[in-house]
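Student: What follows is the residue order along each chain.
There are 2 protein chains.
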Amino acid sequence: MASVKSVAELAGVGIGTVSRVINNHPAVKPETRDRVLEAIRALNYTPNEVARNFKMQKSMMVALLLPAVNHPFFAELAYYIEDELDQQNYKLILCNSKGKPQKELYYFDVLNKNKVAGIIAITYNNVDQSVTGDIPVITIDRHISHEIACVTSDNFNGGRVAFNELLKAGVKHPAFLGYTRDPFINTANSEVELRKEGYLGEAQSRQIKCPNLEIPDIEGDLGERILKLFETGALNEIDGIFINGDVFASRFIKVATQRGIRVPEDLKVIGYDGLAKSSWDQSQLSSIQQPLEDMARTAVRLLLKAVDGGPVVQTTHRLPIKFLKGQTT
Amino acid sequence: MASVKSVAELAGVGIGTVSRVINNHPAVKPETRDRVLEAIRALNYTPNEVARNFKMQKSMMVALLLPAVNHPFFAELAYYIEDELDQQNYKLILCNSKGKPQKELYYFDVLNKNKVAGIIAITYNNVDQSVTGDIPVITIDRHISHEIACVTSDNFNGGRVAFNELLKAGVKHPAFLGYTRDPFINTANSEVELRKEGYLGEAQSRQIKCPNLEIPDIEGDLGERILKLFETGALNEIDGIFINGDVFASRFIKVATQRGIRVPEDLKVIGYDGLAKSSWDQSQLSSIQQPLEDMARTAVRLLLKAVDGGPVVQTTHRLPIKFLKGQTT
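Residue numbers (our numbering), protein chains in the order written: chain S, 1 to 329; chain P, 1001 to 1329.
No lab work stands behind these hints: they were computed from the structure. Just so you know, not all the hints are guaranteed correct.
What the hints assert, rightly or not - Simulated restraints, written as ranges between beta carbons of each label pair:
| no. | chain 1 | residue 1 | chain 2 | residue 2 | range |
| --- | --- | --- | --- | --- | --- |
| 1 | P | Asp1034 | S | Pro101 | 49 to 59 Å |
| 2 | S | Tyr179 | P | Leu1167 | 37 to 47 Å |
| 3 | S | Pro101 | P | Ser1006 | 35 to 45 Å |
| 4 | P | Gln1204 | S | Lys322 | 43 to 53 Å |
| 5 | P | Arg1301 | S | Lys322 | 40 to 50 Å |
C-beta atoms are modelled at their ideal positions from N, C-alpha and C, and glycine is treated no differently.
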């Protein structure tokens, strides 16, 4: 089948000129237009160009790549991202990567090929090579490269606030609970790690002992892994704990309660996310509240600015957090 | 700008022939092709046709129209629908209608214009007029017309099972709690209503008094409306209740607990959905479990059969439910 290149060669013009003729661009001389149309006719050229040119038109689709939309945190983000996109006449393509590296890479590949207008990515693996620069990308909670803007909450300060709120509530023996990361992943780029650093940093500066009780983020029953933590005695002395994520914290409280530990009387708990206002949470968890709606709308606005050819904003947008007092502190 | 019609008139051919020339169809005589290409050139015709023809190609996009993806039930459905679509090489466009009629109609309009391959619709209002027949549609939990297949769970049986499980747990004074529907909406088409009918029907056949405590599904604090129910004394005699939806049931339990009512000792509660296995629920709710994953994958498979030109399946696919015993009965 004839290619745009062969049409350009036969007409003695550049590929751009062929494209302009097909798109009926005014800045083409009538003689040139005639030569190109003759070459098109001579080579029986059209269908691929039809598709290619349509693709060159502005796509009104934005893709959201996240681990799983059935996690409450991502469901809230997806809801507000779609709402903001719709207000700007864009449609949302939803992609669940399940947090798996090969699935994240696969989706980047598919989205690059399908020429979406832009991508909002919440990735947990090294996808740097997949960001080609052809399509604007905004990340949430993770840095891919210096050229990609990242929207996140003030994670470091969130960790600090959590520590001080536990102290205020009378905690003497605090601990941290989160997921350890795969050693093959460059965790330096994860904003989420900053919560731990802010929390443990505050403990250190106040010279308060504060064990880090991280467990691996593997498949299987989280409840059982939390139970093991109790059984090893790691929590014996602990009277207050900051847990990296509200869903994680709720599971922790459930296991603790089943072991007869009273929350907050015996053990005070602060989560991170602030999902208590969503339809999801019934547990009245004390938590560091991220401005989820604001994060979602900011990510969309930054992305669409880049889509419209605006300058690439190479910064990290850290939106302020606040402490949401529930019934677990 | 020149239209395909004016090109056809100038060339003295039908619109279909113009289309075939543009698409390089082999069944066009060289003389006819020349006449059409000359007319195209004379009228400076192309861009619209470029777009139109591209749209005629098979779209690999399927839209999911639901009230809000940040509701746990819809989040679970969306997750599995996307997973199944991806396995079939389709992408998911997510649309949150917020359950508002004008938003549902708006999205149908947008999706019809954008020529998605198909639509999976979870609607709560009269959208019958928007289903044009051009694009295959599958509904979940609601009948739009006799020509649209509906995937749902066995709601009527679910209501019956809930009633009998409450009796088994020792309940003497059962009640039903759900949302009343807008009187302007044709509720006869809602599968969700069948849960109530199954439940109250079972009470009637056993000659057990069973009040229907429906409240309006309006915006605002659900907790306050539940609180009012308690304050009116409607629940004074009740020792067991079936609540239409797990999120609703969890909110109810929270209010009851705050009033010093012990669940399940004083009051037994069964919800509907079976979200207890999801990351959402920590409340160990007893519930009628819908086969959510199966419903999602079935909806996708039925839709893609229709997209591939298979016969329209005009049936209701009621997938079996089962009772999930938690800690609230």
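Student: Each of the hints needs a verdict: does it hold here or not?
Tutor: Status of each hint after checking the structure:
1. For aspartate 1034 of chain P paired with proline 101 of chain S, a C-beta distance near 55 Å keeps the hint of 49 to 59 Å intact.
2. For the pair tyrosine 179 of chain S and leucine 1167 of chain P, the supplied restraint of 37 to 47 Å holds, since their beta-carbon distance comes to about 44 Å.
3. Hint check: proline 101 of chain S to serine 1006 of chain P, Cβ distance near 54 Å, so the stated range 35 to 45 Å is violated.
4. Under the hint 43 to 53 Å, the C-beta atoms of glutamine 1204 of chain P and lysine 322 of chain S, about 52 Å apart, fit the expected range.
5. Between arginine 1301 of chain P and lysine 322 of chain S, the C-beta spacing of about 45 Å keeps the proposed range 40 to 50 Å intact.
Checked against the numbered hints listed earlier, the structure breaks hint 3 alone; every other hint is satisfied.
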